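Put chain B on the given structure of chain A with help from the hints.
Number of protein chains: 2
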Amino acid sequence: MSPTYFIDALQNELSQLQYGQHPPELYDPIRYIMSLGGKRLRPLLTLMATYLFTDDWQKAIRPALGIEVFHNFTLLHDDIMDKAPLRRGEPTVHEKWNDNIAILSGDVMLVNAYKLLLHVEADKLKSVLARFSETAAEVCEGQQMDMNFETRWDVTEEEYVEMIRLKTSVLVGYALELGGLIAGADDDTNRHLYEGGMNIGIGFQLKDDLLDVYGDPAKFGKQVGGDIIANKKTFLLIEALEQTTGSLKNELIEWLQKSEFDRDEKVRAVTAIYDKVGIRQLTESRINDYFARGFANFDAIDADPNRKNVLSQFARQLVERES
Amino acid sequence: MSPTYFIDALQNELSQLQYGQHPPELYDPIRYIMSLGGKRLRPLLTLMATYLFTDDWQKAIRPALGIEVFHNFTLLHDDIMDKAPLRRGEPTVHEKWNDNIAILSGDVMLVNAYKLLLHVEADKLKSVLARFSETAAEVCEGQQMDMNFETRWDVTEEEYVEMIRLKTSVLVGYALELGGLIAGADDDTNRHLYEGGMNIGIGFQLKDDLLDVYGDPAKFGKQVGGDIIANKKTFLLIEALEQTTGSLKNELIEWLQKSEFDRDEKVRAVTAIYDKVGIRQLTESRINDYFARGFANFDAIDADPNRKNVLSQFARQLVERES
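Heads up: the protein sequence lines correspond to chains A and B, in order. Be aware that the first sequence starts at 1, since it is given in UniProt numbering, and climbs by one per residue. Be aware that the second sequence starts at 1, since it is given in UniProt numbering, and climbs by one per residue.
Chain A on its own, in the form it takes in the complex (with noise of 0.2 Å):
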């Protein structure tokens, strides 16, 4: 079974969802925002799970279309209070209606993604519910923690870690325990699952930041430099904030604070700066790190090796894309 199988029956799945119907401002916004794409990482997750321990990965799909479901109405909610005018190239919702509407299409789309929850076998349900309502909170806690960070300068990477953590990819842990949950793996092995998808989680939220500077022009789909010139808080500000000292770090505070500059030239500079302090390195330790621990989470899953080979090149993909 290819992930491209998986796919495929996600997507079939996902053109017959019924959001509901009326008030229509209620309901089209849910169609729009899941109509606007997006890779089906985290339900693509469940299913390769699900099918490590049973054949009958398909009673796996609304349930994982579930987190799919929870998934945009975090980005929904997040936009508003980012103010985001784009996702994906197209008007966030609360720009092509209003933050009344996000609001609330928003609010139906998270009993939506718990109606869709609800499509696991009796004896799952406490369990896989359970973990889900546990799961949500924390990724409300991580974005409460970014929004926090927005105005402190001395965030620290033990911080900052635990706010992605929480943020994203405590619910990449969860869809793959999802599908544990449902084959009715054990306990051990759900953890694996969950603690494995959660270090990919990691790994690949830091490799973003790392490849939004060091990424290959030519690969990188976005502008190389976005996170600096925007002083976004990455991994990688937060290191260069922590091991530069003296007139280094006074350079790198002048930058942060000069309202207007040359965008090349403030790229070049604060990456030369990353670059004296080895930010690159020390990046690229971490980022192997946490994909280290989460291949050795899935290497200690007792499953089909064929079945696990699925899983383990998929996360392979993940970990070693350069976009």
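Heads up, a few of these hints could be off.
Since the list gives no way to pick one copy over another, a pair counts as held whenever it fits inside one copy or between any two copies.
[To be verified] The calculated DSSO-like cross-link candidates involving lysine-lysine, where the alpha carbons are at most 30 Å apart (straight line), are:
| # | residue 1 | residue 2 |
| --- | --- | --- |
| 1 | K233 | K266 |
| 2 | K96 | K266 |
| 3 | K59 | K124 |
| 4 | K96 | K232 |
| 5 | K233 | K219 |
| 6 | K276 | K266 |
| 7 | K276 | K126 |
| 8 | K96 | K233 |
| 9 | K232 | K126 |
Read the hints as simulated data drawn from the structure, not as lab findings. This one's a predicted model, so the numbers in the text were calculated from it and none came from an experiment.
Same frame as chain A, now just chain B:
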């Protein structure tokens, strides 16, 4: 078992509820809004309904509080949408903190509501959560309809009643139904509980509209005529717009369009128009219809007469309130 006894049990459990700790910006607003009080009407109804069929009503306390947390979540998000400065005489969450914190702490409240509802027996979980999720989506639909009505002057009685049914009454119905579900009552009984609560809820909401105009100033807590001054689209105004014709209708519309006016004069004039087309009698007749339907639902329930009496007496108080 008197209502006071149930309320004490609810307050005791409420005072011990843990919503979460970190970051405080996420969880302080939840503790704040939950501490503002309120009659705890919905969870009280759940306990009364549970007690109709079992002595072990205490097992319903936590799920009942899930409904209370959900209700307060809707108040929190509605207050953002309505830009309301005050809730129960205290600053609203978005005023005391900000809109983003209000959105996000509301989101985690909805998750917390589900967490509390997970505390039902395993064999009840699916029906409890499926019906809750349906109800929660309907509450959002009602709120969206209410917002849509703000810019419309052609709302019909049918649309208005459907809006209040969804926005407020289905949750009252579900509060009672939840008690039946937890106690293991049969489907017919649960339907009567739900519809009984819903019908009383609609009557209650219409009485709210009525008292704002025709309440006894000595007994009514707020200023009589507040809805008229604010052009609030109540059942009375919608009916008056439907029932008046010619010069009387023009007079009504003129009052609605005036941006400067003497408040008492407007209240007197609009009330006089209501009186001319019998709005008070019409509204009272509708209220009595819904109350009668609700009590007929309760009558159809097969349970210990003394225990049914506690519920009916309490509903009677709600119905006969003067403020």
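So, going through the hints one by one against the coordinates:
no., hint, result
1, K233 to K266, "within (15 Å within a copy, 56 Å between copies)"
2, K96 to K266, "neither (34 Å within a copy, 39 Å between copies)"
3, K59 to K124, "both (12 Å within a copy, 21 Å between copies)"
4, K96 to K232, "both (26 Å within a copy, 28 Å between copies)"
5, K233 to K219, "within (23 Å within a copy, 57 Å between copies)"
6, K276 to K266, "within (15 Å within a copy, 74 Å between copies)"
7, K276 to K126, "neither (52 Å within a copy, 58 Å between copies)"
8, K96 to K233, "both (28 Å within a copy, 27 Å between copies)"
9, K232 to K126, "neither (39 Å within a copy, 44 Å between copies)"
Going through the hint list in order, the structure does not satisfy hints 2, 7, 9.
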